[in-house]
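Visitor: Those protein sequence lines, which keep their order, are chains R and V.
Residue 70 in numbering that gives the first Met the number 0 sits at position 71 of the first sequence, with consecutive numbering throughout.
Residue 477 in numbering that gives the first Met the number 0 sits at position 478 of the second sequence, with consecutive numbering throughout.
Errors might be hidden in some of the hints.
Claimed, not checked - Here are the in silico distance ranges between beta carbons for each label pair: (1) G28(R) with V631(V): 45 to 51 Å; (2) G62(R) with D315(V): 45 to 51 Å; (3) K454(V) with F54(R): 45 to 51 Å; (4) F54(R) with P45(V): 14 to 20 Å; (5) S29(R) with K202(V): 17 to 23 Å; (6) H557(V) with F54(R): 52 to 58 Å; (7) G62(R) with T558(V): 54 to 60 Å; (8) V494(V) with L10(R): 39 to 45 Å; (9) S29(R) with T389(V): 38 to 44 Å; (10) Q64(R) with F511(V): 45 to 51 Å; (11) Q64(R) with S359(V): 50 to 56 Å.
Unchecked claim - Here are some, though not all, of the chain R residues that point toward chain V, as calculated from beta-carbon distances under 10 Å: (12) V4; (13) M11; (14) Y32; (15) D33; (16) N39.
Keep in mind that the hints were calculated from the coordinates and are not lab data.
Here the structure is a predicted model, which is why all the values come from computation and not from measurement.
Idealized CB from N, CA, C, for every residue including glycine.
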Amino acid sequence: MKLDVRFPIGLMFAIFGLILAVYGLATGGSELYDRSLGININLVWGLVLLVFGAFMLFLAWRGAQGACADKKAGDGPPKA
Amino acid sequence: MHSVQLGGIDYAILILYFGFVIGIGWALKRFMKSSEDFFLSGRSIPAWVAGLAFLSANLGAQEVIGMGACGAKYGIMTCHFYWVGAIPAMVFVGIFMMPFYYGSRARSVPEYLKLRFDEKTRGFNAISFAVMTVFSSGISMYALAKLLNLLFGWDFDVSIVISAAIVLAYILLGGLTSAIYNEVLQFFLIVLGFIPLVFLGLKDAGGWSGMQAKLTAVATGKGFAPGAWGESWQNMSSAAANPMGVEWFGMVMGLGFVLSFGYWCTDFLVVQRAMAANSMSAARRTPLIASIPKMFFPFLVIVPGMIAITVTWPTDLMPKADPISVSRFLPANSKPEAANPSPPGNPAIPTDAKAKPGPSVDELLVLARQNGHGLIPPKIDGKTKMAKLTKDGKLEMDYDLAVPMMLVRYLPTGLLGLGLCALMASFMSGMAGNVTAFNTVWTYDIYQSYLRPGKSDDHYLWMGRAATVFGIGISVVCAYAATRFNNIMDMLQLVFAFVNAPLFATFMLGMFWRRATGHGSFFGLLLGTGAAALHHGLTLSKGAEIGLKGGWLGSLVHTYPSEMAQNFWTAIWAWTTCFVMTILISLATRRSKTDDDLRGLVYSLTPRIKEQGVPWYKQPATLGVIVLALAVALNIIFW
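Full structure from sequences and hints, please.
Guide: Below, the structure written as structure tokens:
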């Protein structure tokens with residue numbers, strides 16, 4: 000693969016998650032959350048997105064490791 | 000104070016998203032060396048990426064907004080679009096049709112038609128498809144800009160320019176690969192942006208059982224059996240027993256067979272994603288992988304619509320300013336749709352209608368709370384700026400606002416930015432899908448075939464980029480045309496429906512019957528299209544006016560209980576006519592292609608594919624069986 004699509008996906012959701020979680024922490028208990036039935040959904044969902052983003056990044060990193068290992072092992076270039 | 004507000008954080012998320020979208024195009028730019036890289040991603044896309052893009056390209060505005068609207072209007076029966084319609088068709092295209100699409104090395108669906116039949120069949124398909132894609136992408140853009148204007152007060156022109164510029168930038172930079180990668184990104188955005196919405200909505204409605212209980216009230220209030228909104232099959236014995244107005248045969252045959260197979264198996268917009276896969280095995284798995292998340296999409300896009308009619312706006316979310324009077328939008332003596340019928344009101348149309356502004360989002364909330372159905376406000380006519388009435392004098396509801404209203408109801412600043420990204424992603428992926436399909440068909444099937452054959456590959460790569468620019472340019476013009484002549488858009492969509500309905504018969508005969516000839520397919524298609532137009536011109540749905548909705552041939556032969564039933568039967572007539580006429584004409588004409596020519600294009604002349612070295616759980620047949628079993632299970636659970 001030319002560019003592992005899991006990398007930008009992971010990065011974007013990790014950043015989104017971080018922003019939302021921090022914003023959720025800063026706005027905890029505000030009337031903002033009347034809308035979401037009193038749940039601090041920014042914090043909760045921010046953490047979920049962060050975990051998802053990190054997992055995608057981990058998969059992308061593992062994929063890159065695998066591709067390097069293939070090269071080193073002399074199996075020729077990884078399949079396009 | 001506005002009750003719907005975007006904060007700095009929402010804008011930050013939105014701008015970051017745009018940055019990533021264009022960044023992906025930028026990162027792929029250096030790989031775009033040949034026309035095959037640009038139009039077919041160099042056939043190097045892994046199966047799971049192609050699969051998610053296959054799903055996402057279809058996940059345009061029509062899906063997210065339209066399925067939510069249907070969920071509110073018809074309830075869980077809307078799931079038939081997935082569990083009867085899309086899933087079997089996706090399994091079929093993966094297992095039976097992909098070997099010919101991918102194996103023939105055709106670069107587009109029209110090119111397959113040329114290899115299998117002849118030049119005129121290809122030309123007909125290429126031109127109608129190219130026109131359809133630019134118009135669809137224009138309609139997508141128009142709908143997005145209108146929605147953003149309504150909800151957040153954004154300028155219509157700015158919305159159009161931004162969405163067009165972003166899609167243009169990332170396709171120009173990275174071609175189909177860029178569109179596909181962004182579709183995968185958009186897939187995750189839509190899923191992760193809508194889950195909290197469904198979660199909060201269901202919690203508010205009292206969980207699944209709470210929602211079902213409230214839907215019972217909705218159904219009985221409209222004079223249907225209590226389960227009409229919550230059961231998918233039990234009310235399908237006759238058309239009058241369910242809100243969709245369709246009986247089981249029209250549903251299974253019209254939607255399940257003709258329309259769904261026609262779309263998923265022949266529309267280059269989706270097939271192109273599978274053609275970009277890196278191997279035959281991956282191409283066959285593409286639709287099968289896509290079908291697994293597809294099956295569960297009703298919970299993300301239909302359920303929000305169902306929630307929207309069971310909950311109401313709480314008072315503390317109403318505009319904080321002085322009480323807003325919305326009576327100027329309401330005709331005298333009108334009653335909400337759910338109430339008992341009242342004598343037809345005669346809406347007085349003010350003479351200065353043009354100068355009058357439509358409702359602001361605050362007014363819309365008040366309208367929804369006082370006169371709407373759940374979260375959904377009454378429909379305001381674009382010209383008169385007055386609430387529309389149905390034929391029996393009730394207020395018509397604007398079901399297309401079900402999902403947007405859910406977003407602004409439940410998501411606080413922060414998450415609202417993510418929800419907005421998901422919404423924009425759906426519109427942009429729909430647009431990008433159309434544009435990439437357009438530039439390929441234009442360059443390979445029209446420009447290279449008829450206008451400038453025999454040029455260098457560099458020349459066609461350049462043409463592809465140019466086609467991207469003028470394709471989007473025409474789409475922008477269409478978006479503006481839609482603001483002025485709404486009927487022209489409706490009419491065009493109708494014509495496309497006529498052209499598309501019989502197409503699946505042509506492909507079926509082409510792939511599975513070697514005797515089908517070029518003349519047979521071309522004239523069969525024309526006659527099938529004619530049959531669709533004829534059927535539409537002779538029938539009408541209950542309560543509709545003669546014209547765009549049918550009956551324009553003067554005499555009415557049949558009146559359907561609903562527009563949907565009419566559409567399904569139009570498709571059934573078109574398909575049957577094309578199928579029968581293609582067979583008859585083929586038998587009467589001489590074959591122009593020998594068995595040798597047709598090797599790899601027709602089922603009986605192509606050696607069966609042996610998936611060697613592929614573990615059993617990755618075999619298309621195994622996957623297909625699993626997917627179908629799951630779809631049957633879902634049908635039974637929500638019977």
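Visitor: So, for every hint listed, does it hold in this structure?
Guide: Hints, one by one, checked against the model:
| no. | hint | result |
| --- | --- | --- |
| 1 | G28(R) with V631(V): 45 to 51 Å | holds (48 Å) |
| 2 | G62(R) with D315(V): 45 to 51 Å | holds (49 Å) |
| 3 | K454(V) with F54(R): 45 to 51 Å | holds (47 Å) |
| 4 | F54(R) with P45(V): 14 to 20 Å | holds (18 Å) |
| 5 | S29(R) with K202(V): 17 to 23 Å | holds (20 Å) |
| 6 | H557(V) with F54(R): 52 to 58 Å | holds (55 Å) |
| 7 | G62(R) with T558(V): 54 to 60 Å | holds (59 Å) |
| 8 | V494(V) with L10(R): 39 to 45 Å | holds (44 Å) |
| 9 | S29(R) with T389(V): 38 to 44 Å | holds (42 Å) |
| 10 | Q64(R) with F511(V): 45 to 51 Å | holds (46 Å) |
| 11 | Q64(R) with S359(V): 50 to 56 Å | holds (54 Å) |
| 12 | V4 | holds (5 Å) |
| 13 | M11 | holds (5 Å) |
| 14 | Y32 | holds (6 Å) |
| 15 | D33 | holds (6 Å) |
| 16 | N39 | holds (9 Å) |
Against the hints set out earlier in the document, no violation occurs for any number.
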